[in-house]
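Participant: One-letter residues, chain by chain:
Protein chains: 2
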Amino acid sequence: MKHFVPLNFARQLVLLAWVFAISSAFAQSDPLPSWNDGSAKQAIVAFVQATTDRASPNFVPPGARIATFDQDGTLWVEHPMYSQVMYCLDRVPAVVKAKPELANVEPFKTVMSGNREAMAKLTKEDLFKILAATLTGMSVDQFQTETTAWLDKAKDPRWKQPYTQLTYLPMQEVLQFLRANGYKTYIVTGGGQDFVRVYSEQTYGIPPEQVVGTAGGTKYGYDKDGRPFLTKEPRLLLNDDNAGKVEGIHLMIGRRPYAAFGNSTGDREMLEYTKAGDGARLAMLVLHDDAQREYTYGPANGLPESKVGTFTQALYDEAQNKGWIVISMKNDWKRIFAFEP
Amino acid sequence: MKHFVPLNFARQLVLLAWVFAISSAFAQSDPLPSWNDGSAKQAIVAFVQATTDRASPNFVPPGARIATFDQDGTLWVEHPMYSQVMYCLDRVPAVVKAKPELANVEPFKTVMSGNREAMAKLTKEDLFKILAATLTGMSVDQFQTETTAWLDKAKDPRWKQPYTQLTYLPMQEVLQFLRANGYKTYIVTGGGQDFVRVYSEQTYGIPPEQVVGTAGGTKYGYDKDGRPFLTKEPRLLLNDDNAGKVEGIHLMIGRRPYAAFGNSTGDREMLEYTKAGDGARLAMLVLHDDAQREYTYGPANGLPESKVGTFTQALYDEAQNKGWIVISMKNDWKRIFAFEP
Numbered sequence: 011m012k013h014f015v016p017l018n019f020a021r022q023l024v025l026l027a028w029v030f031a032i033s034s035a036f037a038q039s040d041p042l043p044s045w046n047d048g049s050a051k052q053a054i055v056a057f058v059q060a061t062t063d064r065a066s067p068n069f070v071p072p073g074a075r076i077a078t079f080d081q082d083g084t085l086w087v088e089h090p091m092y093s094q095v096m097y098c099l100d101r102v103p104a105v106v107k108a109k110p111e112l113a114n115v116e117p118f119k120t121v122m123s124g125n126r127e128a129m130a131k132l133t134k135e136d137l138f139k140i141l142a143a144t145l146t147g148m149s150v151d152q153f154q155t156e157t158t159a160w161l162d163k164a165k166d167p168r169w170k171q172p173y174t175q176l177t178y179l180p181m182q183e184v185l186q187f188l189r190a191n192g193y194k195t196y197i198v199t200g201g202g203q204d205f206v207r208v209y210s211e212q213t214y215g216i217p218p219e220q221v222v223g224t225a226g227g228t229k230y231g232y233d234k235d236g237r238p239f240l241t242k243e244p245r246l247l248l249n250d251d252n253a254g255k256v257e258g259i260h261l262m263i264g265r266r267p268y269a270a271f272g273n274s275t276g277d278r279e280m281l282e283y284t285k286a287g288d289g290a291r292l293a294m295l296v297l298h299d300d301a302q303r304e305y306t307y308g309p310a311n312g313l314p315e316s317k318v319g320t321f322t323q324a325l326y327d328e329a330q331n332k333g334w335i336v337i338s339m340k341n342d343w344k345r346i347f348a349f350e351p
Numbered sequence: 011m012k013h014f015v016p017l018n019f020a021r022q023l024v025l026l027a028w029v030f031a032i033s034s035a036f037a038q039s040d041p042l043p044s045w046n047d048g049s050a051k052q053a054i055v056a057f058v059q060a061t062t063d064r065a066s067p068n069f070v071p072p073g074a075r076i077a078t079f080d081q082d083g084t085l086w087v088e089h090p091m092y093s094q095v096m097y098c099l100d101r102v103p104a105v106v107k108a109k110p111e112l113a114n115v116e117p118f119k120t121v122m123s124g125n126r127e128a129m130a131k132l133t134k135e136d137l138f139k140i141l142a143a144t145l146t147g148m149s150v151d152q153f154q155t156e157t158t159a160w161l162d163k164a165k166d167p168r169w170k171q172p173y174t175q176l177t178y179l180p181m182q183e184v185l186q187f188l189r190a191n192g193y194k195t196y197i198v199t200g201g202g203q204d205f206v207r208v209y210s211e212q213t214y215g216i217p218p219e220q221v222v223g224t225a226g227g228t229k230y231g232y233d234k235d236g237r238p239f240l241t242k243e244p245r246l247l248l249n250d251d252n253a254g255k256v257e258g259i260h261l262m263i264g265r266r267p268y269a270a271f272g273n274s275t276g277d278r279e280m281l282e283y284t285k286a287g288d289g290a291r292l293a294m295l296v297l298h299d300d301a302q303r304e305y306t307y308g309p310a311n312g313l314p315e316s317k318v319g320t321f322t323q324a325l326y327d328e329a330q331n332k333g334w335i336v337i338s339m340k341n342d343w344k345r346i347f348a349f350e351p
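Going down the list, the protein sequences come from chains A and B.
For the first sequence, the numbering used here begins at 11 and goes up steadily by one.
For the second sequence, the numbering used here begins at 11 and goes up steadily by one.
Among the hints, erroneous ones may be present.
Given that identical chains are not distinguished, each listed pair holds provided it fits within a single copy or across any two copies.
[Stated by the list, open to error] Result set (DSBU-like, lysine-lysine): computed pairs, CA atoms no more than 30 angstroms apart in a straight line: (1) Lys229 to Lys139; (2) Lys229 to Lys134; (3) Lys107 to Lys344; (4) Lys163 to Lys317; (5) Lys285 to Lys234; (6) Lys109 to Lys234; (7) Lys285 to Lys229; (8) Lys107 to Lys163; (9) Lys229 to Lys317; (10) Lys134 to Lys170; (11) Lys317 to Lys344; (12) Lys229 to Lys332.
Hint data in this document are derived by calculation from the structure and do not stem from the laboratory.
These numbers come from a predicted model, not from an experiment.
Start from the sequences, fold in the hints, and give me the full structure.
Facilitator: Right, here's the structure in full:
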């Protein structure tokens, strides 16, 4: 092609036209259309500009562009109960069917009674017993099959939507905006790693290997035909919450994020660690202050501690003092869900 | 641009020319020039074709294209001793300087003596003590600084080259060939995850988050200025060897690889698990049978067990029976190192 001058010239023209088309498209289209104009939206756009513009003193090379997102309460609805806990409760009948001796043992007895008031009073210890019984002991493939089947039919009681539809549209836009700018997006969740990995790709465009979560050990073995498989064991490898989130980031990613998003004290250390890096770093917290369109809960709203996502007043004050940005669902988000207008 | 017909036409021409240029470049150039023609090379090329051709019954969508590589003895030289063990031995004087009471305690006393014969007799238990003392107790940043400094100056005793130059050129070509065909390449090593991550990107083009290795816990804390940091703890999270490699793959990747490469019994389960998946799967073992250009060692060569990378006769037989392909360094590799002609 070296000697075909007209084509070379044409190619230059085409390239030039493309460059113009792309940059004007970027300038004209709003990458965060579900966000109201305000300091939160501006902070996101400014962060992306500062870290991706080669002329910027805070330019970050593409390989190092890591952004981490808590899931429950940050990317999707967590109130009144984590979806994964709903899954575990729904699995109890099958577990009791397989092991009938559990029917008269607490906390399984209470769950089997279907008495919602009694279930709401289950302690953390009770819940751990239910989690262990419903999330371990099966092969990883079997777990994936069971979870997929549940997600296909389970619906949230308020919106009557599958749980995977209850993701926040503004946060989906942030995920896409960051990825379009060379960021690798990770979920860093206190929830079960295997659970979230089942739907992360389809729901968030985040592949399984970019989900860091609470993880148990697995055991290698063989089925009757000599085929190898992994069994999920009730042995905790990583408690991916609070400081454990930073440990999980080191274990699974090995680099400090440039941006981190959360909504509770369980995300505190992840945000602190992210902001402690040099250059431009972004730390954001979603505040659930929209009782009408979603929920209002937690001490930062002057309400009692909730069973999910505790956003304390101390965390709110720390955010103010340290330049972590609080996202008000009520004021910053134009739309909350894709299924609503 | 919609109405600028000549430019649209020119663009079509340019695209067409590119498509031709790219496909003919692919057809003409050998992606594995350091490999001799033979069944090993053919197997790699056939696997890539079978899994990336959309018309193939074994087509694999890009996101699922995962390939895992053992490191020591598979991607670089491991004989006569793992580089990481060399690092640990070299770190002992600094550790003893910081804690003088260790000078008269075994195994540190033997290492400080510099007596190579005595050092060669150190037991596995001795080695674990040395690993714990030299790989934990510091911050992850400090560890990275120390490792980088060591890698910059340490040289292999035989070739007088930095360790990172002792990678196998044919395997580098496999990494690149797979990546060029949409595969995500991972290192899955019995070596320390933090250690390998320091140089994996520069040495293999594999980013830190795609290195799965033996990993310890970390502890979150604060320095005197209140800045958070992680300390490496002597608490084993993942023993990434044998069945632990499959556990590591599930923990860090969450999907079954389509191709796996190893060189010892420590890689057996990873290869077995990979091959047990459906469709086209590739499992390969590097056999160190080239005493002249590299080393010959291990029972599969009729030699006694070595301190590194045991390739037993049983593993060799299993490979023959199960369609795992043994790569003969002597016969399959035209060149071994990039620094040699």
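Participant: Among all the numbered hints in the text so far, which are the ones the structure does not match?
Facilitator: Structure breaks hint 3 only.
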